[in-house]
Every structure is written in structure tokens, then in C-alpha cells.
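Listed in order, the protein sequences are those of chains D and V.
Using my numbering, you'd call the opening residue of the first sequence number 12 and step up by one each time.
Using my numbering, you'd call the opening residue of the second sequence number 99 and step up by one each time.
Calculated from the structure, these hints are not laboratory results.
All of these numbers come straight from a predicted model, not from anything done at the bench.
For each residue, glycine too, the CB sits at the ideal point set by N, CA and C.
A portion of the hints provided could be inaccurate.
Said to hold, decoys possible - Quick list of the computed label-pair ranges, beta carbon to beta carbon:
#, chain 1, residue 1, chain 2, residue 2, range
1, V, Asp135, D, Ala171, 22 to 32 angstroms
2, D, Val126, V, Ser131, 47 to 57 angstroms
3, V, Ser161, D, Tyr170, 46 to 56 angstroms
4, V, Asp175, D, Tyr185, 47 to 57 angstroms
5, V, Ile198, D, Ala160, 33 to 43 angstroms
6, V, Ser191, D, Gly109, 27 to 37 angstroms
7, V, Asp175, D, Gly174, 17 to 27 angstroms
8, V, Asp135, D, Leu90, 29 to 39 angstroms
Claimed, not checked - These stretches of chain V come out as covered by chain D in the derived footprint (C-beta under 8 angstroms, 3 or more residues):
#, segment
9, 109-118
10, 146-153
11, 179-186
12, 189-198
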Amino acid sequence: MTKEQFLSKLRTSLRKLPANEIEDIIQDFEEHFSIGFENGKTEEEISASLGNPQQIAKELVAAHHVEQVESTTTTSNILRAVWAVIGLGFFNLIIVLGPFLVLASLVLAGWIVSVAFTLALIPYLINVLIHPSIFDFYELFFAIGLSGAGLFIGIGMVYATRGFTHGLIRYLNYNIRVVKGGLKHG
Amino acid sequence: MNVQFKKGVLELCVLVLLEKQDRYGYELVQNISDQIDISEGSVYPLLRRLTKEGYFTTYLKESTEGPPRKYYALTADGRTYLYALLEEWKVFSNGVNQIIKEGVQND
């Protein structure tokens, strides 16, 4: 691969990053090539030892997305970051996607339970308004109790969700840092 | 060494190389690839990440042979991080060496 081919492949794979960041990255590799020339290496030799530009770009993009989650946590940011880290290699498909799906389902289930419990009071009251004859204190207190429990679960879920997000960011960072990279034939 | 976890070691190598002196990217890459078989390009994402995390600062310096070069310098945070990683690495590699030694003796 020539220098031009290497840089243009890199640039294409980086297109989702902010323009100034792309320029900065390209600059680093331009510098690498020019020092390589000074040391008597050819374009082909240099780009061969640099490795696959697409894989290099993947690492840069994944790091960028995880960084985005750290500054602004939104659901789409999280999904983008998880997706980018998974894209780093097949190994990550197993060790990132699995735990993510399990934990995300648990968090979602917790929220559904909380909302269902809290809102249970409303259909009960509507029902009593329509058929006053079925009114019963035991059922009323049960519905109120359920609502209260729902609210408490909701408060718990706020903390659980926060903990989950925080843990996820750390786990993604750990993945970028440690798993699969710098390998020649990986 | 064909392992998944080479990247963690790469980070340690870069930090160690910057401990005594500031270096430019190409220099860091060459120093590492002289010793370990790596895809040289993967050092640059690492350098960017550690810079963003505040472990390095960078500056441009004129070169006698060509365009200015981007130098990386370890910050105080980077130094603390280096020593923590180094300690972890020593414990880890001593453990592995011990296991290898005992394993070889038992054969």
C-alpha cells in the first residue's frame, strides 16, 4: 500500500469523527511516514508495518464513542459506544454483547416492574368509580401498598441504572485498553 | 506472543519509554517494535487516548532533518499511573515466572 492509499483508507474509516480530530490523526501518520522516509524506508514498508488502517480507525472510533458517553450519557451514545467496542473484534462480541444484553434486560425489567406497581392504583380506582359495589378497604390498601412499593423500586432503579451506566463505561474503557490490539495477525 | 492482552502491555511500554525523556511518535513505535512484534499503527490510538486522559502532554519541536515532530511528555498523573502499572506488572510477571519455574521442575 502506498502512503496515499493508506491515508485515504484511514480517512474513510474515520469519517464519523469530528473534522479537526481526523486532521490531527492524519497529521500523526504523515509525520510517521516522513520520518520513515528519512530513515530510508519505502512507502510500502512503512504502511506494511503500520498494519491495517481500518483496524487502527476502529480503535480510534471506539475510543471516541466511549469518551462521548463519559461527557454526555444518552441512550444512543451508550449504544454507539457498545457497538463500536464490539466492532474491535470477534472476541468482544462475546465478552461485551453478552453481559451488556443481560444487564440491560435486568435494568429494563426493573423499570417495568416499578412503573407497573406504581400505576396499579389508577386502574383500581377507575374500576371502583365504575362499579362502587366492589369497593373493599383491603383491596384499596393493597393497591396503595403496591404503588408505594413501586415508587421505592423506582428510586432503587435510579441508582441501579446509574451504577450500570458507570460500570459499563469502565468496562468499555477496560476493553479498549486491554483486549485485542497491537496484534499483528489478530 | 499471540495473546489477546498484548495491548495492556503496550501501554506500559510507552509509559516506561517516556519516563526518562520526551520522545516523538516514530521513536516510540521503533523502540517497541525493535523488541516486540506489533502492528505499529496501533501505538497512535494509544498515544491519543493517554494524552486525552491527561497522562501526556504534547508539543511540536523543530527537527534538523525535516518537518517539526510531535513530542510526548509524561505528566505528574502519567508518572503516578506508570508506577502503579509497573507495580502490577511486577507482581503479575513474578507470579507467572514462579509458576513456570515450579512447572518445569516437576516435569
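To see whether the hints hold, each was checked on the structure:
{"no.": "1", "hint": "Asp135/V x Ala171/D: 22 to 32 angstroms", "in the structure": "violated (44 angstroms)"}
{"no.": "2", "hint": "Val126/D x Ser131/V: 47 to 57 angstroms", "in the structure": "holds (55 angstroms)"}
{"no.": "3", "hint": "Ser161/V x Tyr170/D: 46 to 56 angstroms", "in the structure": "holds (54 angstroms)"}
{"no.": "4", "hint": "Asp175/V x Tyr185/D: 47 to 57 angstroms", "in the structure": "violated (18 angstroms)"}
{"no.": "5", "hint": "Ile198/V x Ala160/D: 33 to 43 angstroms", "in the structure": "violated (56 angstroms)"}
{"no.": "6", "hint": "Ser191/V x Gly109/D: 27 to 37 angstroms", "in the structure": "holds (30 angstroms)"}
{"no.": "7", "hint": "Asp175/V x Gly174/D: 17 to 27 angstroms", "in the structure": "holds (26 angstroms)"}
{"no.": "8", "hint": "Asp135/V x Leu90/D: 29 to 39 angstroms", "in the structure": "holds (35 angstroms)"}
{"no.": "9", "hint": "109-118", "in the structure": "violated (count 1)"}
{"no.": "10", "hint": "146-153", "in the structure": "holds (count 3)"}
{"no.": "11", "hint": "179-186", "in the structure": "violated (count 0)"}
{"no.": "12", "hint": "189-198", "in the structure": "violated (count 0)"}
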